[in-house]
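Colleague: Chains W and Z supply the protein sequences, listed in that same order.
All residue numbers for the first sequence refer to this note's numbering, where the first residue is 133 and numbers rise by one.
All residue numbers for the second sequence refer to this note's numbering, where the first residue is 133 and numbers rise by one.
These aren't lab readings, by the way, just hints derived from the structure by calculation.
Be careful, since some hints might not be right.
Because identical chains cannot be distinguished in the list, a pair is counted as satisfied if it fits within a single copy or across any two copies.
[To be verified] Simulated crosslink set (DMTMM-like; lysine to aspartate or glutamate; CA at most 25 Å straight-line):
#1 K299 with E449
#2 K503 with D765
#3 K366 with E690
#4 K682 with D187
#5 K221 with D332
#6 K176 with E695
#7 K471 with D186
#8 K730 with D332
#9 K636 with E750
#10 K656 with E449
#11 K411 with E615
#12 K199 with E691
#13 K411 with D332
#14 K682 with E615
#15 K199 with D765
#16 K539 with D657
#17 K539 with D727
#18 K627 with E683
#19 K503 with D300
#20 K193 with E691
#21 K503 with D727
#22 K539 with E693
#23 K539 with E213
#24 K592 with E181
#25 K174 with E213
Number of protein chains: 2
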Amino acid sequence: MEPNTSGNMQHDDDDDHHQCLEIATMEVHKVVPPPRRSTFEKLKARLKETFFPDDPLRQFKGQPVKKKLILGAQYIFPILEWGPNYSLKLFKSDIVSGLTIASLAIPQGISYAKLANLPAIVGLYSSFVPPLVYAVLGSSRDLAVGPVSIASLILGSMLRQEVSPTKDPLLFLQLAFTTTFFAGLFQASLGFLRLGFIIDFLSKATLIGFMAGAAIIVSLQQLKALLGITHFTKQMGLVPVLTSVFHNTNEWSWQTILMGVCFLVFLLLARHISMRRAKLFWVSAGAPLACVILSTLVVFAFKAQHHGISVIGKLQEGLNPPSWNMLLFRGSHLGLVVKTGLVTGIISLTEGIAVGRTFAALKNYQVDGNKEMMAIGIMNIVGSSTSCYVTTGAFSRSAVNHNAGAKTAVSNVVMSVTVMVTLLFLMPLFQYTPNVVLGAIIVTAVIGLIDIPAAYQIWKIDKYDFLVMSCAFLGVIFISVQEGLAIAVGISIFKILLQITRPKTVMLGNIPGTDIYRNLHHYKDAMRVPGFLILSIEAPINFANSAYLKERILRWIEEHEAEEDLKKQSSLGFVILEMSAVSAIDTNGVSFFQDFRKAMEKKGFELVLVNPLAEVIEKLQRSDVAGDFRRPDSLYLTVGEAVASLSSTIKTRPSNLV
Amino acid sequence: MEPNTSGNMQHDDDDDHHQCLEIATMEVHKVVPPPRRSTFEKLKARLKETFFPDDPLRQFKGQPVKKKLILGAQYIFPILEWGPNYSLKLFKSDIVSGLTIASLAIPQGISYAKLANLPAIVGLYSSFVPPLVYAVLGSSRDLAVGPVSIASLILGSMLRQEVSPTKDPLLFLQLAFTTTFFAGLFQASLGFLRLGFIIDFLSKATLIGFMAGAAIIVSLQQLKALLGITHFTKQMGLVPVLTSVFHNTNEWSWQTILMGVCFLVFLLLARHISMRRAKLFWVSAGAPLACVILSTLVVFAFKAQHHGISVIGKLQEGLNPPSWNMLLFRGSHLGLVVKTGLVTGIISLTEGIAVGRTFAALKNYQVDGNKEMMAIGIMNIVGSSTSCYVTTGAFSRSAVNHNAGAKTAVSNVVMSVTVMVTLLFLMPLFQYTPNVVLGAIIVTAVIGLIDIPAAYQIWKIDKYDFLVMSCAFLGVIFISVQEGLAIAVGISIFKILLQITRPKTVMLGNIPGTDIYRNLHHYKDAMRVPGFLILSIEAPINFANSAYLKERILRWIEEHEAEEDLKKQSSLGFVILEMSAVSAIDTNGVSFFQDFRKAMEKKGFELVLVNPLAEVIEKLQRSDVAGDFRRPDSLYLTVGEAVASLSSTIKTRPSNLV
């Protein structure tokens with residue numbers, strides 16, 4: 133019985149077993165180069181994987197021309213796909229959910245428009261046209277479209293840096309529409325150019341921190357309405373807002389505060405009930421409209437507008453007026469408008485896509501991210517010329533839509549029609565609606581964005597992600613919304629670069645009785661194989677880490693030698709690099725192998741590579757010095773085979789015994 | 133005979149073999165969680181791997197205090213390590229090499245100072261003090277220290293953006309010294325803060341493109357001296373320089389051109405001879421000094437300075453005057469100076485470290501990058517207060533040093549003393565040295581930076597790296613030196629991010645007769661295992677790629693199902709993810725597994741993980757839903773074991789046959 137089969141000698145009792153391993157491992161399998169492909173083929177494959185990972189056109193393959201045309205039209209207008217099969221039964225579901233989200237959309241529309249420093253009516257306009265566009269172009273069945281809190285906040289605060297919404301309301305409105313145009317253009321381009329993955333750079337941790345920070349900023353802004361303050365700071369940060377609030381205590385109006393607290397408690401209670409029982413979703417869905425009606429009646433009955441309670445005031449009746457003549461493509465504010473469009477575009481896209489994906493996963497259908505981006509983008513471009521500001525799929529509203537049983541995008545149409553009716557006939561009713569109730573509606577809506585359990589979960593799973601989240605949160609609260617976001621994204625990317633720059637290398641040992649090799653520091657029963665140092669490199673090798681890897685591996689070898697000196701074991705003969713996890717190398721990586729091989733030769737060790745992947749083999753072959761690695765005894769398919777085969781050569785080679 | 137052992141049924145002839153595999157694979161090995169470590173321990177280990185990968189203090193461990201003090205002093209001043217063993221034999225070698233590099237350093241020092249728009253004498257000052265400092269602090273035995281061409285070019289061109297070296301020479305000199313101070317401070321800080329890996333972001337491809345571009349820019353600047361033009365553009369780009377040259381043809385001086393061509397041919401010939409035979413290194417090493425002497429004599433003999441040949445003019449005798457009173461830490465140019473210090477600091481550091489590592493590898497000793505950075509940084513800080521500008525280890529001079537047989541840093545001392553003698557006694561001799569010969573010396577020196585074979589090699593190995601190289605090259609030539617560099621670094625980092633965003637997933641198949649599983653598209657003899665889809669994920673899973681991975685894996689499954697439909701094979705039951713290459717996950721990665729498991733359940737497939745690494749197991753465990761992955765039949769140590777064990781359950785489970 134030869135004891136060298138798997139490099140350990142503990143199991144001599146189990147002869148049969150050993151015999152087997154020997155047969156299995158002594159048959160050495162060759163590492164072969166991958167099949168040849170031209171540079172063009174490789175480029176094509178790489179581009180496809182990068183930009184068309186979901187292969188969106190595969191259903192077109194091998195179809196007749198007519199079928200292709202139909203599929204093409206369905207691809208561009210998903211309504212053609214589900215429209216022909218639409219039934220009365222589906223419509224019944226959609227009409228219920230459409231009316232439910234309309235009851236939520238009307239007060240929220242007015243509130244969010246005020247958050248964006250825009251006239252309240254623009255919020256209603258934005259709940260009329262975009263849902264219709266989305267119903268035709270969108271592929272999600274649950275998304276409820278309209279203005280959202282965070283995009284409204286960012287749009288309002290960024291534009292206010294240059295133009296005052298009170299002193300120059302027309303210019304502010306023009307800038308808002310132009311911003312919407314650029315946001316839509318940017319969103320549609322991302323989708324069209326298949327660059328949708330850019331939104332993936334907003335990690336979950338970043339978003340949770342960002343959302344919580346933004347919710348607090350939004351809520352702080354509502355202190356103006358909730359306390360009835362007339363002179364309020366124009367800044368957004370925690371410190372200036374609180375300073376402003378407590379410097380103007382003389383402006384606090386007890387009537388407003390009383391009303392605000394009552395409605396806030398009512399709304400939060402309704403929210404709590406719906407969260408406890410999903411079936412009672414309509415309680416929180418209907419509560420805002422109930423509040424608006426009730427508060428309007430109260431103001432009207434008591435003439436409270438004369439007792440320190442500010443009201444919305446007269447709203448113009450009628451549908452969206454055209455606004456393409458209000459888009460400003462020149463002038464000194466263009467830079468700001470483009471930047472604001474970019475930030476609001478990305479943020480609202482992130483929300484819309486995330487919402488779409490969440491509900492698609494729940495109902496087990498797929499949403500094409502890039503196609504969805506085009507739909508949202510076109511919706512905003514159309515919106516910008518019909519007096520709408522930035523809209524997207526809102527999380528809270530889509531959840532209500534889903535719970536209310538929406539089956540298709542027709543629920544958006546129903547909501548849109550309801551808003552249309554409101555715009556045409558019901559606008560005078562809002563004249564006495566107090567601003568304080570809008571503030572309460574906003575606070576209730578954004579409070580759900582603060583997700584403490586998710587934050588705790590992140591703390592438990594990944595401390596670095598928690599750091600990212602905290603930076604986003606604190607950055608948003610203390611610096612500014614967009615800078616907080618930028619800092620968090622920067623830190624997230626820095627982590628990735630750090631992982632690349634400092635890849636893990638682990639020492640492998642043999643799990644006794646097998647030819648499996650695993651991390652010695654993880655699997656305590658794994659054993660070192662005398663004479664071998666087996667290292668696994670767990671990252672692509674490139675310019676950012678080749679110098680580190682060389683240094684780190686040399687340290688592994690030195691430490692190994694020092695330990696062997698202590699134990700007076702047999703001296704090291706082979707350094708085996710397990711390459712299964714090295715998915716790519718670049719020219720620096722190739723140099724790394726050349727240099728490292730030379731360094732090993734100088735030390736008198738043999739360098740053996742195990743299971744290099746296709747790209748690595750190719751690149752090593754193309755470099756001149758790779759010939760070294762084509763010798764059969766320096767390239768193996770598994771660690772087990774390498775150890776078995778090389779152990780046997782030690783015995784036949786007297787020189788190695790010195 | 134059970135045919136389910138390794139999932140393939142081709143080798144029924146080899147019964148013994150099969151029997152073995154069965155025994156080997158049916159014994160299932162558990163995936164165990166890694167040993168527990170506290171967050172603090174993990175943070176400590178991570179920080180150590182990030183900032184102290186080479187564990188520089190390990191020699192201190194377990195030593196008595198006195199020994200520790202000695203080791204500490206030797207660590208800070210490497211001269212204490214090799215100084216006591218210094219012998220006459222070593223000194224003989226060092227004196228020869230020291231004199232050789234001095235003969236190169238004197239003309240190069242004068243030339244490079246002119247390239248930096250500084251007085252020629254500053255170049256000699258910079259070859260006197262810094263080598264002495266390096267000899268005490270540096271750990272490389274071959275580095276020859278002094279001013280270098282590219283750092284000189286960048287310093288001169290960046291400072292000239294704000295201050296004219298001809299109109300305001302004193303201010304320009306002050307800014308140059310201050311820049312040197314900041315460069316040194318920056319270099320020393322990088323070393324001290326263990327952030328040396330920052331220079332790794334200049335990949336080989338970037339450097340080759342950048343060096344070639346810079347060499348061309350430097351050579352173009354020499355057209356002024358070589359053609360004898362007096363009115364020369366102050367811009368650096370290819371286009372403005374050539375325009376300037378051909379707009380001033382009337383200023384061309386035939387005497388200068390004739391002299392320039394003669395010496396250029398001579399120098400290039402000398403370079404060619406030395407490149408052919410390494411033993412004749414002294415030909416190219418001595419040629420510049422020979423040219424300077426010869427040309428000075430010619431000018432002196434023919435009074436050529438009156439015939440259109442411009443000469444250096446009078447140079448002040450004496451050693452470096454102190455210059456700490458010339459450092460400007462306030463004023464309007466501070467921003468420029470800091471920026472220039474940063475760029476020249478990084479660039480000269482990159483050259484110095486690369487040279488040190490190259491020769492250390494040749495002679496098989498190690499250079500501690502971070503320590504070396506501190507040495508170079510302190511050398512520049514000292515230099516900035518003794519009238520020196522930015523210096524580092526120069527490649528060409530170090531190569532000459534190495535070839536001339538330098539044994540220790542004493543060769544730098546010998547060079548320094550020779551320069552001192554020159555400064556004290558020989559300065560009047562340079563009065564008649566023509567500028568044209570300095571131009572020829574610079575061109576000959578930088579021409580070696582254009583490395584066509586390396587560029588071809590990069591083209592052969594990696595097309596993307598070639599793109600990076602071309603961008604660096606074209607950017608330097610057509611835009612500016614620092615922007616070209618920034619573009620190339622940006623593209624390099626973009627590639628890394630792209631690799632992370634679009635990680636490879638490959639389908640594995642069984643290599644018949646083994647329990648080895650490899651990429652089906654690489655190993656043509658690998659076979660699919662009916663009922664299983666085995667995918668290997670080849671990257672860490674994080675926020676940037678979790679959405680992509682889900683989409684891509686779902687497409688693998690769909691394609692697989694479509695193919696199975698065509699072939700009417702047994703339907704898919706298990707999706708196995710081989711995780712050996714997933715070195716890390718973050719909270720988005722954890723969510724990916726939760727979502728993906730749910731998606732698989734909806735489709736009726738079982739998700740099985742194979743060999744998740746320590747960090748992945750830990751994080752999955754810490755998330756609440758990970759319980760799913762603790763079931764014994766969803767976690768295996770090898771693909772072979774998973775397939776063998778799950779194949780047997782298929783038979784015992786009637787539900788799966790439907």
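Colleague: All hints are to be evaluated individually against the structure, with a verdict given for each.
Modeller: A quick look at each hint next to the structure:
1. K299 with E449: within (24 Å within a copy, 71 Å between copies)
2. K503 with D765: neither (51 Å within a copy, 38 Å between copies)
3. K366 with E690: For K366 and E690, neither the intra-copy (63 Å) nor the inter-copy (54 Å) Cα distance is at most 25 Å.
4. K682 with D187: Only across copies: K682 and D187 sit 14 Å apart there, 39 Å inside one copy, limit 25 Å.
5. K221 with D332: Answer is neither: 37 Å inside a copy and 64 Å across each miss the 25 Å cutoff.
6. K176 with E695: between (50 Å within a copy, 23 Å between copies)
7. K471 with D186: neither (30 Å within a copy, 45 Å between copies)
8. K730 with D332: The answer is between: 21 Å across copies meets 25 Å, while 42 Å in one copy does not.
9. K636 with E750: both (24 Å within a copy, 16 Å between copies)
10. K656 with E449: neither (76 Å within a copy, 71 Å between copies)
11. K411 with E615: Answer is neither; intra-copy 40 Å and inter-copy 60 Å both fail.
12. K199 with E691: So K199 and E691 pass the 25 Å test across copies only (21 Å; inside, 67 Å).
13. K411 with D332: So K411 and D332 fail the 25 Å test inside a copy (33 Å) and across (58 Å) alike.
14. K682 with E615: The answer is neither: 38 Å in one copy and 30 Å across copies each exceed 25 Å.
15. K199 with D765: Neither. Shortest intra-copy (56 Å) and inter-copy (45 Å) distances fail the 25 Å Cα cut-off.
16. K539 with D657: This pair counts as neither: shortest intra-copy Cα distance 55 Å, inter-copy 48 Å.
17. K539 with D727: between (63 Å within a copy, 22 Å between copies)
18. K627 with E683: Both: 21 Å inside a copy, 24 Å across copies.
19. K503 with D300: neither (38 Å within a copy, 60 Å between copies)
20. K193 with E691: between (58 Å within a copy, 13 Å between copies)
21. K503 with D727: between (48 Å within a copy, 22 Å between copies)
22. K539 with E693: Close neither inside one copy (68 Å) nor across copies (28 Å); limit 25 Å.
23. K539 with E213: The answer is within: 14 Å in one copy meets 25 Å, while 79 Å across copies does not.
24. K592 with E181: between (34 Å within a copy, 23 Å between copies)
25. K174 with E213: Neither. Shortest intra-copy (35 Å) and inter-copy (53 Å) distances fail the 25 Å Cα cut-off.
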